[in-house]
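Asks: The primary structure of each chain is shown beneath.
Protein chains: 2
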Amino acid sequence: MIDEKQLCVSAIRVVSAEAIQKANSGHPGIVLGAAPMAFELFSRQLVHDSACPDWANRDRFILSAGHGSMLLYSLLHLFGYGLSMDDLKQFRQFGSLTPGHPEYGHTVGVEATTGPLGQGVSMAVGMAMAEDHLAATFNKEGYAVVDHYTYALCGDGCMMEGISSEAASLAGTLKLNKLIVLYDRNRISIEGDTATSFSEDVPARYRAYGWNVIVVADGEDMDAVGKAIAEAKACKSAPSLIVVDTKIGAKSPLEGSEKTHGEPLGAANIQAMKESLSYYPDKEFYIPEEAYAYVNKCMEKGKQAHADWDAMMEGYKAAYPELYNLYETYHAKDVASLIDVDAVAAKLTATATRSSSGQVLNAIAPMVPQLFGGSADLAPSNKTELSGEGFYSKENPTGRNIHFGVREHAMAAIANGMALHGGVLPYVATFLVFSDYLRHSVRLSALMNQRVLYVLTHDSIGVGEDGPTHQPIEHVASFRVMPNVAVFRPADGKETAAAYLYGVKANGPTLLALSRQNLPLYEGSSIEEAQKGAYVLYGGEKDADAIIIATGSEVDLAVKAAKAMEEKGKAVRVVSMPCMDVFEKQSAEYKESVLPAAITARVSVEAGTTFGWERYVGDKGIALGIDHFGASAPGDVLFKTFGFTVENVVAAVEKVLNA
Amino acid sequence: MIDEKQLCVSAIRVVSAEAIQKANSGHPGIVLGAAPMAFELFSRQLVHDSACPDWANRDRFILSAGHGSMLLYSLLHLFGYGLSMDDLKQFRQFGSLTPGHPEYGHTVGVEATTGPLGQGVSMAVGMAMAEDHLAATFNKEGYAVVDHYTYALCGDGCMMEGISSEAASLAGTLKLNKLIVLYDRNRISIEGDTATSFSEDVPARYRAYGWNVIVVADGEDMDAVGKAIAEAKACKSAPSLIVVDTKIGAKSPLEGSEKTHGEPLGAANIQAMKESLSYYPDKEFYIPEEAYAYVNKCMEKGKQAHADWDAMMEGYKAAYPELYNLYETYHAKDVASLIDVDAVAAKLTATATRSSSGQVLNAIAPMVPQLFGGSADLAPSNKTELSGEGFYSKENPTGRNIHFGVREHAMAAIANGMALHGGVLPYVATFLVFSDYLRHSVRLSALMNQRVLYVLTHDSIGVGEDGPTHQPIEHVASFRVMPNVAVFRPADGKETAAAYLYGVKANGPTLLALSRQNLPLYEGSSIEEAQKGAYVLYGGEKDADAIIIATGSEVDLAVKAAKAMEEKGKAVRVVSMPCMDVFEKQSAEYKESVLPAAITARVSVEAGTTFGWERYVGDKGIALGIDHFGASAPGDVLFKTFGFTVENVVAAVEKVLNA
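Protein chains in written order, with numbering that gives the first Met the number 0: chain A, 0 to 658; chain B, 0 to 658.
Same shape as in the complex, but just chain A (with noise of 0.2 angstroms):
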């Protein structure tokens, strides 16, 4: 009798390797080594329907360790999830559906854009948490409307990034024992054996976190793999850590060896592996009828629970009507048409924009309850606390505000498992200084078209006192040269508010670039315009001689100016640009209107870097910015200091007028 498990198995190892081979580029070890606990899950332990892969209850599966990708191509092959064998032979060519790392959006099944280490996993905490808070909110009994796991598949790589120490330790706190991680120990790495740089028992770590860890000593033994699983499904009380000890390209003759990583194992090594796995040696990209049998037979489970989650569905439509409307509003894709702009616009004041942002944040909050976020331990200053909704926890989970403590990019990259998962708008804060270090993460966003909404505050030099450390000058210009990102640095509260307009409705992530200090409502700015990324502030009844550019706080240096200069008999248009990536999106003519290029007279404004205002001021113009670190003082003493005055700017209109 044929095992038909260890036959799918054996299918996803040789037809991996010869995708590997025939790319000539790919990563067979981890894909061998990690076959058998992958078969596991999907086969026996997911549930899914790859009929409906975006149904919405579906268990969850992340493959942290992106470079093992073609496992999960073979996986969603044999699964049914439109993957053809021709697919497969065209890993990692141009405009296939199988590129060298998994990729969201662009290959059905595949849940999570991932190969940078560490940022899948901690996604993975991130939907584990979205679905947490959502069977909260949700749920009545006999309708588990959102009741499903998350999984994700890591290596010896993601356990060592700082990053999912981060989210690991968060979720330990939380409590998600929806989650479920398994770990691929192979205790190899690119540079060789682990034990060089990796020392360290991962599993007591793990239960220094909170977690329940379990191991598992042989990766084939897929029957005690499912029983871990059925072991952390039984914990509800903590995450759970699965440790499975494996062989990196196990079955291959390089078993063991760091070579079978990043290189294809070469046809000999294939055709040796095909042999003593008794696989069809003499065919290629083959798997038999029996394996897609057993695979169709393994599906069955899935489907009926989708069936009969849509039955429920029914139900619970019939009997908590409300409830499923809100459902269906917090999963709405339409987000902005949840807002009542008027009703944010009068909330808003002459104030800082970080408090500008906390007013719009908590006006749209009732307005838009999928919101649900926070910050890394600094919401009384990111002012991101949505009043009267509680802290997101184990005892309440309804709670709308997350406190992420102090770790900025397993934030970021939660927030992405939040977008990813659905029915829930993720929003998260920090210092726009310390946005380094959850770049990664918003490049992540941005490459999966994920709608997250940063609030990063203290913006500039502004920050003051806490000196050169906490204050940015190259950041907003460091992510707006960062594809699909909107960074916007608004001028006012209703600048702030179009941010946020722009953001709920933006295939990417939104980055808001806040000011510590106070800042004036002005009467030319506008929530409307704004979100075209730049427009005509003050001075656009008539021709003007020259334009002054300006962002956030330094708009107002720019409209005082333009007011000095009429005084002197120059009609001085300001243009308030709060997003140039917005701008560049807007049509030829609009642009044109805002910035006539026969008005070559230009002075641009920002307390950051000059890096890239030469696109605006032109050759003839002038860019008054920030080119070195700040320093510790009080902001308006910095303001003066490094030229920024309604003097430095009148001064330089003077100079483009006359040059």
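Please keep in mind that the hints were generated in silico from the structure rather than gathered at the bench. Be careful, since some hints might not be right.
Chain copies aren't distinguished; within one or between two, either way the pair holds.
To be verified - Keeping only pairs whose Cα atoms sit at most 27 angstroms apart, straight-line, the calculated BS3-like set for lysine-lysine is: (1) K393 - K235; (2) K619 - K654; (3) K393 - K88; (4) K654 - K590; (5) K567 - K639; (6) K541 - K639.
We have chain A already, so just place chain B on it with the hints.
Replies: Chain B only, in chain A's frame:
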């Protein structure tokens, strides 16, 4: 009888609180809570000599919780590091010696710039590694040339950051027994009780890393702290974590409250504290003579140790003259003079610049024996291994290669610690795309003017099959905006050598963005000229009709396009611009000679974001680049698909010529 130690601790508490109050800004909480342990350390444990704060063999102390700066300043005042009471009164004012967070190079006695949490304790790991490596290299029986401890003081925030987890795990693997971390566990962070976000068992976690963990139940008990430090020193096989339970804002009426974290206590609370401590309630900024006298007594031990070391070094010089000279070489400020540039040039071939980097590193390794570094588990790809130099470990402490593990952020902070320690020249490596993970530590290298070489390979879509998660688009630009960072993207081996030669002279970090794919070795390239940031690589002999400015791998396209234009009768100059940052520092005359203002027909070519290129191509020019994420496919396919072809460069040049 006066308890002099308690008197000193009270003095630190009161004067610090007063200075924070006067500044109306600062963080009294940790100052009050950690004052006893810090005073115990400075007075009875730390071997230091304030008369010679640069003494190479001093114990190092890093205040990782940098917001507690007033604690450090009060100690530096008491211990004679040159801070006067007037300096303390100028806390957080412009130009004062007492800025908001400790700044290395600004205030004598500050060993590292801290404030961004987790960085300090990770730098301490780097200092301990440098000490260990140098001790193994230089110490002889009877001559403990390098023999000191490294201490760090951190709070709950540092413990939550992933960077400290990474660093601690590596420190455990390396058994850095001369590293002693004091953990001020007050269980209060900005958002309140750490139980809400940080319920883990930190001692158990550190034991899992292989650390020796000691708990001191009462942070007021200086003898207990002293005893714990003695135990830590007695442990020869592991770094030590001393967990000291304290109360935030101790001895003030606000003891135990998060309100003491980041705001002045208020005059009334300070007065109440002075009264309850019986510490001169009617005086301000006052420290009695008894306190200074006691501290002076404590300082004798350090002075004597320094004198003994000086005498010992005289003996060492006589007994081991070659080693003594080598020690001097290791500590040479002028590293460049150690390098035989011709010998380096002789090693260069036409290859990928990551391989050129390997050639340069291996060529200079014998000339620059203080070179000490490695990769975050990508050495075979980064080409960073120094052949025949072995890997650093407890068993092989003279090994010059380091296995950092998959820990980019800690790696960079460790490099900062090594550079600060002195005696070693650190280099670290990862893929350029993962520079995001270590970005904030680069910022600290820059802020502290520390010479760290960052080897960042796989620098564009040339990465190929690994896909967009591994393809940097924005990273080179993202570092160009950071002050005091030199980002080199060399076109060939000679320019790679130039980057190293610049880097070993720089007062700041140098980043090398290096190709995965093979590149030519140009006739017109120059080790000397490339150190100016930009120069004419081709077509400089006659007046040019147009200029193509290119970096890295795209210089090849530029040269080929220039030659194609010659056939069309146009003279085109190719400017290779390996480093914008360095070019900006050149004289106006030199800049004009490379990029004459009269030639406005300009095209830039770089396989990265176009952001910022307007500075060089001007209003009439064209910037060729890629402003979106990449894709998974062979690198040459991507270059063609995304428009990096000779034809496209030629077309752009023709367009600007015809404009």
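Asks: Now tell me, hint by hint, if it's right for this structure.
Replies: Okay, the hints, checked on the actual structure:
In this assembly of identical chains, the alpha carbons of K393 and K235 lie at most 27 angstroms apart only when taken from the same copy (11 angstroms versus 42 angstroms across copies). Taking the shortest Cα distances, K619 and K654 sit within 27 angstroms of each other both inside one copy (10 angstroms) and across copies (22 angstroms). Taking the closest pair of Cα atoms, K393 and K88 never come within 27 angstroms of each other, the shortest separation being 46 angstroms inside a single copy and 47 angstroms across copies. Within a single copy, K654 and K590 get their C-alpha atoms as close as 25 angstroms, and across copies as close as 23 angstroms, so both meet the 27 angstroms cut-off.
Within a single copy, K567 and K639 get their C-alpha atoms as close as 23 angstroms, which meets the 27 angstroms cut-off; across copies the closest is 54 angstroms, which misses it. For the homomeric pair K541 and K639, neither the shortest alpha-carbon distance inside one copy (31 angstroms) nor that between copies (48 angstroms) is at most 27 angstroms.
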